[in-house]
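S.K.: So the chains spell out like this:
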Amino acid sequence: MTPAPRRDERSEAEPPGVPGFGTWRRVYLFVFGWFVLVVILLTVLTEIFS
Amino acid sequence: MNAADWVVLLGTIVGIAAYGAWRTRHVRSLNTYLRGSTSAGWGTIGLSVMATQASAITFLSIPGQGFESGIGFVQNYFGLPLALIIVCAVFLPMYRRLNVYTAYEFLGQRFDEKTRLLGAGLFLLQRGLAAGVTIYAPAIIISTVLGWPLDLVIVFTGLLVIVYTVTGGSEAVALTHKWQMAVISAGMVTAMVVLLLRLPDGLGFTGAAHVAGALGKLQAVDFSLDPSRRYTVWTGVFGGLFLSLSYFGTDQSQVQRYIGGASLREGRLGLMFNAVLKIPMQFVILVLGALLFVFYQFAPHPVFFNQAEWRRHAQDGRFRAIEAEHASAVAQSQSAIRAWLQARAADDTAREARARAAMVAASHRTHAIRAEAKAALMAADPRAKTKDSDYVFITFILTQLPHGAVGLLVAVMFAAALSSKASELAALGTTTTIDFWRHFRPLAAADEARNVRVARRFTALWGIFAVAFALFAGFAENLIEAINILGSIFYGVLLGLFLVAFFLRRVGGSAVFFAAVTAQALVIVMYFSLNIGYLWYNLIGCTACIALSVALQAVLPPRAGAGVSRRG
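Keeping their order, the protein sequence lines are chains A and B. According to this note's numbering, the first sequence is numbered sequentially starting from 544. According to this note's numbering, the second sequence is numbered sequentially starting from 5.
These are calculated hints, taken from the structure and not from any lab test. The beta-carbon is built from N, C-alpha and C at its ideal position, and this holds for glycine as well. You can trust all of the hints, since none of them are fake.
Partial selection, computed: residues in chain B whose CB lies under 8 angstroms from chain A:
#, residue
1, V78
2, F82
3, P85
4, I89
5, A213
6, G217
7, Q223
8, A224
9, V225
10, L268
11, R269
12, R272
13, A279
14, V280
Kindly produce the complete structure, drawing on both the sequences and the hints.
M.R.: Here is the structure:
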């Protein structure tokens, strides 16, 4: 049978364990910020080389 | 390819497969077989997710895309980081909390068994039919260029992946993914370094980038709202978000990569690893293609890169005339580029503008001659394959790289083919075992050893089916597009099922089941009666499934109990 649900999964409250990121929300914000930065850099590249 | 290339190719590809099979030969636990090692860290998960998505076509076609149309294709990936954040925050915690082997088990727990079977069935139908293509598509290119028998390439890659995937299941898949990604990374870095070294003296990376930019190959983003434009920021963000959410959130071949591992944290970090790296990685591969375009402005190259196809049809004087015209146009283009670079260096604005106009005109002429060559091929044989951009990078590899590196780059193509294929087979075997076999054999579910044996057999059967389908596929035309259409027809409804499950807690099993069946029928009817771009069926299927679920739930009796809640 499919294993029973993991009751001991502390998980969702578990911190990311990445220096500088206390919560998952901060990790997601960082990734979103990185995405925005990448789009900005690609826009700049397009302007420079067009 | 010489002996050194063969040693590198077979050493890496067969070596990794043998290592994966040998290391995981003692896997007896169903959990390990289906979900991989329980101690896998975020690096292993992240690389496995990346390797699953990166098929051989990624490394054959995307440089060709950069060569042909520039790097604007990178926008297609803009929705991916956003989708992965949603998968991390919503999908993954639920899958882990319920401790499921497949994404479709979640549908069973949230709704009912018929909805689970529907979701699993849609996945098997779509992914099962696509299974042959992931072997066939790279095999046809590799066999054409290297002159190897197509059937041999298909059978070799198919058997290799079947051996280690059947032996070690998900653990072998994740283990081999790490090494396959190492081969892919080493190969692509080698290709980029050789390409930069082969650029004409004095041009360098910056000069090449300026030439590529002036010839329209470095337009990475387009904010246009014109719906006729294929790649824009908006289609990338919205369309890409939708497609990535379907793929990463509901496709078992991806779900299986991150559902296991040591903890929820490892799975989340593995996905975030991909969210951060995917766009830069695709950007580098596209830039490689744009630089190939610049390289071939200075190096002799065929008018049509699929030389086997060209030689098959180019028999008369008209083709010789096109070849001569192309050689002349390339020489003119080269002179025009050099004149523009000299004007730029002299900082003479008026001269630079004139030289730039001449350079762009020369480039357009070369492009027009390539189009004329394709038209001549079509006139000679309407069934001729006229898309040659997939052959640009492999032509560069075979003609410009030193021996040893050629073997490494061919190994990149095989590693990518095997990595995506292995995930696919493991997912098909797992879904067939867990969602179908165990459903109809509930008493056998407690016998772990039997479950592992059955999962191995189903994985092997799907592998044999994929190889047989790929062997047969040689007779079909436009097969890859047909499979993409098939995916678009089924993916939308599948995503709709999951979005209802996660976000519309009032909707019950019967409402969503009949809504999904109706939405699927609607999409199929629309496909056969309307003439719209097939990617739209993803959106139509998903929207119809959600809207019909809500409407049906309004007229059906309220669901009893909350079932699986997002907060547990």
